[in-house]
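So you can see what is in the structure, the chains are spelled out below.
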Amino acid sequence: MVRIYNTLKRISKNVILRRFIKSIFTIFVVVSLTFFIIRLMPSNPIQIYINQLISQYGMTYKEAEALAASLFSIDLKKPLILQYFDFLKNLFRGDLGISFLSRGTKVTSIIKEFLPWTLFSVGVSLLISFTLGIIIGMFIAYKRGSSIDVIITSIASILSSIPNYLIGIMILVFVGVQWKLIPIEAMRGSLSPGVKPGFTWTFIKDVFFHASMPILTYVISTIGGWILTMKSSTLSTLGEDYVMVAKARGLKESRITFSYVGRNAILPLFTSLTISLGFIVGGSVLIESIFVYKGIGWVLWSSISSRDYPVMQGVFLIITVSVIMANLLADLLYSRLDPRIRITGGE
Amino acid sequence: MENILKIEDLYIEYKARRGLVKAVRGVDLDLYKGETLAVIGESGSGKTTLGLSIIKLLPSSARISQGKIWYQGNGKKYEIVSLDNSRLRKFRWKEIAMVFQSALNAFNPVIKIWDHIVDTAESHDIKMTREELRVKVLELLRLVQLDPERVLKSYPHELSGGMRQRVLIALALLLDPQIIILDEPTTALDILSQRSILELLKKIKEKLNLSIILISHDLSLAAELADRVAVMYAGSLVEVGSVYDIFYKPLHPYTMGLIRAVPTVTASMRELISIPGSPPDLINLPEGCKFHPRCEYKIEECLKEEPKLIKASYNHYTACIRWENIRNGKNN
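Going down the list, the sequences are from chains A and B. Take the first sequence: its letters are residues 4 to 350, numbered as in our numbering. Take the second sequence: its letters are residues 50 to 381, numbered as in our numbering.
Keep in mind the hints are simulated off the structure, nothing from the lab. Hints may contain errors.
Said to hold, decoys possible - Restraint-style ranges between C-beta atoms, simulated for each label pair: (1) Glu198/B / Ile27/A: 21 to 27 Å; (2) Glu207/B / Ser157/A: 54 to 60 Å; (3) Ser92/B / Lys25/A: 58 to 64 Å; (4) Arg22/A / Ser131/B: 55 to 61 Å; (5) Arg244/B / Ser157/A: 51 to 57 Å; (6) Asp239/B / Ile27/A: 26 to 32 Å; (7) Lys251/B / Arg258/A: 30 to 36 Å; (8) Ser92/B / Ser338/A: 35 to 41 Å; (9) Trp163/B / Ser257/A: 17 to 23 Å; (10) Ser92/B / Ser150/A: 33 to 39 Å; (11) Ser257/A / Arg244/B: 36 to 42 Å; (12) Ile24/A / Arg67/B: 57 to 63 Å; (13) Ser235/A / Asp239/B: 30 to 36 Å; (14) Ser150/A / Glu336/B: 39 to 45 Å.
Said to hold, decoys possible - Negatives, chain B to chain A, calculated, CB over 10 Å: (15) Asp77; (16) Leu106; (17) Lys139; (18) Trp142; (19) Asn154; (20) Thr236; (21) Lys256; (22) Asp276; (23) Arg309; (24) Val311; (25) Ile324; (26) Asn333; (27) Gly337; (28) Tyr346; (29) Ser362; (30) Ile370.
Said to hold, decoys possible - Computed cross-link-like contacts, DSS-like style, restricted to lysine-lysine with a CA-CA straight-line distance of at most 30 Å: (31) Lys347/B / Lys255/A; (32) Lys256/B / Lys125/B; (33) Lys82/B / Lys250/A; (34) Lys146/A / Lys185/B; (35) Lys250/A / Lys357/B; (36) Lys126/B / Lys105/B; (37) Lys92/A / Lys208/A; (38) Lys139/B / Lys125/B; (39) Lys347/B / Lys71/B; (40) Lys255/A / Lys105/B.
We put the CB at the ideal spot given by N, CA and C, even for glycine.
Please take these sequences and the hints and turn them into a complete structure.
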């Protein structure tokens, strides 16, 4: 008993370990809640499949029900709590179950197939958007009050207030359909048929070709926010005493800009960046559906519409894990970047 | 005596929504080599603006509308107001260093003290190896009575306010400047740290042949440290003289008011008298002498024209037309 108590005490003193355990617990709670909530959604996979069979093939309800029941190995009549324990048992073994609709396909292999596309498109856009955002934001902070500041600030405020799906729809409708500036149909999917993955120019070109519109949409919809936050952060840093003292010390302008202003101005943005990293995985259900970009968001969208519980559950799980882990990472890394914040025993 | 700094007819204005704030108006001032000159006055009298203008580090809303500042040291002669940015950068800290009142925030929070030292040295292309630089810094930090090894490894937030002020003073001495401007060096500190900074400044003054401009509203600090005192009111100098003349034989009603408003330990207990009224609005200044609305000596003539500094005795100047009455203790 004493030994267990001492071990627990040691664990509770190690902050990183404690945060980690807390995160695991949060993941468990979220996953459990999701399990019940998605089963509270109206209708169920069998019902939706039956309706599909009836409307598509003109079957009678009886025929459709018989067909559906034989196809699905799931027992929805089993008490919910027992289903939940089954689910947990499998989860601990790393088994996320089998998709209801794409029969026999493991949820893990669905995720493995679709996740990289989302990671790629959202990751690249985050990189572009963040880098451009902080450069432009800092630039207009230095040019405060000039006409270029007024113009960029207004554009950034407008962009940051438009939801990304509206931007996506506008690109699709105007650039793609009305003006026909881009071959919108050929851009569907995440890869053209017949292109072999590999480190070849054709492959890389094709990947960017298909991801270009989602990336453009993400960048347009997020860059305004980065610009505005970086601008205000830079402005408040420029007013700090140490910047004035640095000028009095006769430091080189470049040194002041990067190590004194930039380094400090970027600190508050760093937390948002790490949290955005967590959301890379979730991608955007709406953007991927609008451009039929086959990433994890698109999988989530189609699994929701067919109530494919295991797939939904699996996608929600990885989104949850990555968001929570990103938050953990933000906490741990922030103390590395800002010496004033040191993680100590107390909270 | 040889003057190292000469301020000539300096005017500085701030742009504000209500109009132009005339922060410095027609200041003429000399700083002699090796002396300590205190500039004293109330908050808002323009003394910090004057200090900043000497290294041309005014905020963007400020403008030097007239005047010249001559610097002569290290065998070089400059006019500071007309220096371009790159020469100004090399001039700052190398020739004139400034210790700010807000030493608490004077250091970049994300880099260590040693990196501040290196930054400063590198920006001025100091011909020293890292090791030589280190030796010099250790000596300076010992001079300001700090534990050098520990301080160099610290981040700014790991040091107390008094320690940071000492580090800033040591940093100011790094490039062997000819002049150090101390802007309220003790204001942000508790009374014990104030005392030890004062002792430290005295020691530095004796040890190094520096010219010091001390900007302060703390009369006791000025009295202990300064050789000469310049009293500033509403952007102008109203009295300039030796520290003895200013504190024992003041010839301007404002200086007298300032001294009466401060408690002393040595003098017998007497009532503290504050100066009636409040400092003037620097946008709409009164006609004539700017002090007349608060002055017990005013006569009709004071409302007509603003008096210039008048020589009252050797090295003692006052901007009061009634200085003779003040000297003779008569008010009629």
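Report holds if the minimum CB distance from Lys256/B to chain A is greater than 10 Å, and violated otherwise. About 22 Å separates Lys256/B from the closest Cβ of chain A, which puts it past 10 Å; holds.
Consistency of the no-contact label for Thr236/B, given chain A and a CB cut of 10 Å: holds (13 Å)
Under the criterion that the straight-line Cα-Cα distance not exceed 30 Å, is the pair Lys126/B, Lys105/B satisfied? Cα-Cα ~16 Å, so holds.
Regarding the assertion that Ile370/B does not contact chain A, is the least Cβ-Cβ distance greater than 10 Å? Nearest chain A Cβ is 39 Å from Ile370/B, so the label holds.
Is 36 to 42 Å respected by the C-beta to C-beta distance linking Ser257/A and Arg244/B? Holds, at about 41 Å.
Between the beta carbons of Asp239/B and Ile27/A, is the distance compatible with 26 to 32 Å? violated (47 Å)
Is it true that the CA of Lys347/B sits at most 30 Å from the CA of Lys255/A? At roughly 52 Å apart (the allowed maximum being 30 Å), Lys255/A and Lys347/B break the hint.
Say whether it holds or is violated: Val311/B keeps its Cβ farther than 10 Å from all Cβ of chain A. Holds, because the least Cβ-Cβ distance between Val311/B and chain A comes to about 28 Å, which exceeds 10 Å.
Can the restraint linking Lys347/B and Lys71/B be considered satisfied, given a maximum Cα separation of 30 Å? Roughly 23 Å separates the two Cα atoms, so the pair holds.
Since Tyr346/B was said not to touch the interface, does its Cβ keep a gap of more than 10 Å from each Cβ of chain A? With a cut-off of 10 Å, Tyr346/B remains clear of chain A, as the shortest Cβ separation is near 40 Å.
For the range 17 to 23 Å, tell me whether the beta carbons of Trp163/B and Ser257/A fit it or not. holds (20 Å)
Is it the case that Ser362/B keeps its Cβ farther than 10 Å from each residue Cβ in chain A? Ser362/B is indeed farther than 10 Å from all Cβ atoms of chain A, at 37 Å.
Hint violations for this structure: numbers 1, 2, 3, 6, 16, 17, 18, 19, 31, 34, 35 and 37, all remaining hints satisfied.
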